[in-house]
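Novice: Here is how the chains run, residue by residue.
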Amino acid sequence: LTLDPLIGAISAGNTVVIKPSELAPACSSLLSSTIPLYLDNKAVKIVEGGSDIAQELLQQQWDKIFFTGSPRVGRIVMSAAAKHLTPVTLELGGKCPVILDSYSGSDLKSAVKRIAGGKWGPCAGQACIGIDYLLVQQKLAPVLIESLKRCIKRFYGDNVQNLQSICRIVNKNHFDRICNLLEEPGVAASIIYGGSLDRENLMIEPTILLDPPLDAQIMTEEIFGPLLPIITLDKIEESIDFINARPKPLAIYAFTNDKKLKDRILQETSSGSVTFNDTIIQFICDALPFGGVGQSGFGRYHGKYSFDTFSHEKGVLHRSFFPELEPRYPPWNDFKLEFIRLAYNFDYVGLLLHLLGLRRLFIPNRAR
Amino acid sequence: MAAGVETVAEELRAAYGGGKTRDLEWRVSQLKALLKIINLHENEIVEALRSDLNKPEYEAFVHEIAGASSACKLALKELRRWTMPEKVKTTMTTYPSSAHIVSEPLGVVLVISTWNYPFILSIEPIIGAISAGNAVVLKPSEVSPATSAVLSKLLGEYMDTSAVRVVEGSVPETTVLLEQKWDKIFYTGNSKVGRIVLAAAAKHLTPVVLELGGKSPVVVDSNIDLKVAARRIISGKWGCNNGQTCVSPDYVITTKEYASKLVDAFACEMENFYGKDPLQSNDLSSVVNSRHFDRLINLLDDEKVSGKIVLGGQRDKTKLKIAPSIILNPSEDSLIMNEEIFGPLLPIITVDKIEDCIGIITSKEKPLAAYLFSNNEKLKNDFISNVSSGGMVINDTTLHLAEASLPFGGVGESGMGSYHGKFSFDAFSHKKAVLKRGFNGDVSVRYPPYTNGKLNFVKAMLSGNILRIIRALFGW
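Chains A and B are the protein sequences, given in the same order. Going left to right, the first sequence walks through residues 1 to 368 as full-length UniProt numbering numbers them. Going left to right, the second sequence walks through residues 1 to 476 as full-length UniProt numbering numbers them.
Everything labelled a hint here was simulated from the structure, so no lab data went into it. Careful: at least some of the hints might be erroneous.
[Said to hold, decoys possible] Calculated cross-link-like contacts (lysine-lysine; reagent style BS3-like; alpha-carbon spacing at most 27 angstroms):
no.: 1; chain 1: A; residue 1: Lys262; chain 2: B; residue 2: Lys436
no.: 2; chain 1: A; residue 1: Lys64; chain 2: B; residue 2: Lys422
no.: 3; chain 1: B; residue 1: Lys20; chain 2: B; residue 2: Lys364
no.: 4; chain 1: B; residue 1: Lys319; chain 2: B; residue 2: Lys276
no.: 5; chain 1: A; residue 1: Lys45; chain 2: B; residue 2: Lys276
no.: 6; chain 1: A; residue 1: Lys42; chain 2: B; residue 2: Lys364
no.: 7; chain 1: A; residue 1: Lys109; chain 2: B; residue 2: Lys364
no.: 8; chain 1: B; residue 1: Lys431; chain 2: A; residue 2: Lys259
no.: 9; chain 1: B; residue 1: Lys73; chain 2: B; residue 2: Lys459
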């Protein structure tokens, strides 16, 4: 998320300042020490620091600002950019839902693997396009949950002290934030798998919740952690209204082979992207623009879109000195005005007659 | 304040939520209604423009009526093609899959228009908004009240007012509108208010298009057809609302040697166009109001400027007219060289070598347009590569606005975003990425537990090296 925009900025011929996140200090430090060894450090600079440094940077005049982060800080960035009329790209987040239509057998197994991989695979759920919550028809929930539990055990193990192949929570603040989500009334009661915490190592077990209260924070804010609420519906089509009642997410994932449902999802919901029958993988398809809409952000990048995001597309019109169109110039009179009117309507016959002075013969009652 | 201004965004959101604006038939019906307005009420619109700006009928027709009509017809012709999903190529990394990009409306959008081309600068963004399937609110400029009233009346009569609304008013109404949540804001005007719009949009994370202005330079080289160049510059400056245009040539740069020839050519063509007493010509717009009139007189009467007037300088406050005026080498620190003139005054700056023009232009804020009259290929290429501006024309002025295949918009202080033609449709659309996958070809290397073998395989796949992939497959 540092290098990808950097590639776009450089390809487009800009000089760049990067402010990596202080919440990932080892990476920030690595970038800060390595990039100057390889790149032209008169034109590419790294500035490390926290929000005070970011504020200082935001006071300066930039020709573009590319921000990845939360909507709250996105507003701050855009307000600062407004003072200098600086265009921005905001890559924010949201609650990315996965819709699971009815599947069985090996297809269900594959779907479950991709859902588990899409929830806990990317940074233990701490990803903008990570699955936030799941929508499924009520009668399919039990089979799904069993399959999901087996999958989690296979992928990550079932002991919070010894989880494999999964990230930890980035810091104590976020750990506590996620724990708080679980403590709201009704939420703790809805945990049906996991829920174990290891505060010392900042690990939270992959956790599944079944129908937590919809007004709880876990269902109104982006979770950004390893908790997966499953919301059951009478009919899977209700997922469309459910999603539309909430801010536009960065991604919608839909596991379905029902063409009608696919079309309805595409036409009736709005999101940065939609992926059918998989999760996360749209991120590596460079031909697709990556970006949000509404609360999930605006602007886009990846592939050529990165180049375009940091470019100005200048329209250039070349003209020659010949021919000259006399009716373009004043003093204007009825003849010239009529000429231009005919030209705009591509009325070539009329134009010819007009030039020969014969048009009046053919249109005696022309209203003006 | 008129009733309902505070809740207009919410009202239109309800209409948008019902889905009708997404329907292609609805969009077509609205575009046809716009075309009807333009065709059936041309006289009324021209009259309103005459009342607001003393705009000559010729300009009203060419710049506003014909422009709006062309934009409407283009949208009607291309709408189906524009709304079709765009298929894109996928690679080995997501195999097997198919991908495409779908254009969808943003939702409820706000168009804030301005006074100098009050009809087309309202209609053209609306065409974009409607083609893209949005509901739209238009706030026309109160500085052109006759056109504002005509727009309000005609759009109210012909358009589906549950989804297309006009809100008339001035600063209080605009402020109330800006507090509401929009899915896009399209603003045409000056950079001071542009900042206010952008700051208001930031509160709701609303993307914006800002069509602002700037000091658009014209560079005049020697060895050109001087008569044609002079006519085209005059046409782009005084023939476009008497210099009150965002892309008007603001100032000229030419060589010391060539300057007097240029001034003579201007003087000659000016007389051909506007007669010996331009204040009497009917082919020039007036200055829009007395505030702008006083502002322009101030620029002209500045002691750093007034002694350098080589043509014009006459004024008639009762008619709000200022004669086309040319100033030769006003000092660099005069106001006229530091703010957008937006009026019938044209400074000419002279340089030793014509190539010096690039340094002068790039030392100022990026303008909305830049113009070069030259037959020198090297100068043209250097100019295009080194001068950053919204748009550019070589050997003419302002015409690029009429070319729907060119994006029209600014950069830096001159704005952000663009429109015209399909760019209008795109400006009001969200391009949604869609990836379709099947269940075949599911590889376990993707899933935990992550092992060294899996990691090697993935690295090999990404390297694209066949031998490496084979080795990884066999664990060698």
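Novice: Could you work out which earlier hints the structure fails to respect and list their numbers in ascending sequence?
Specialist: Failing hints, ascending: 3, 5, 7 and 9.
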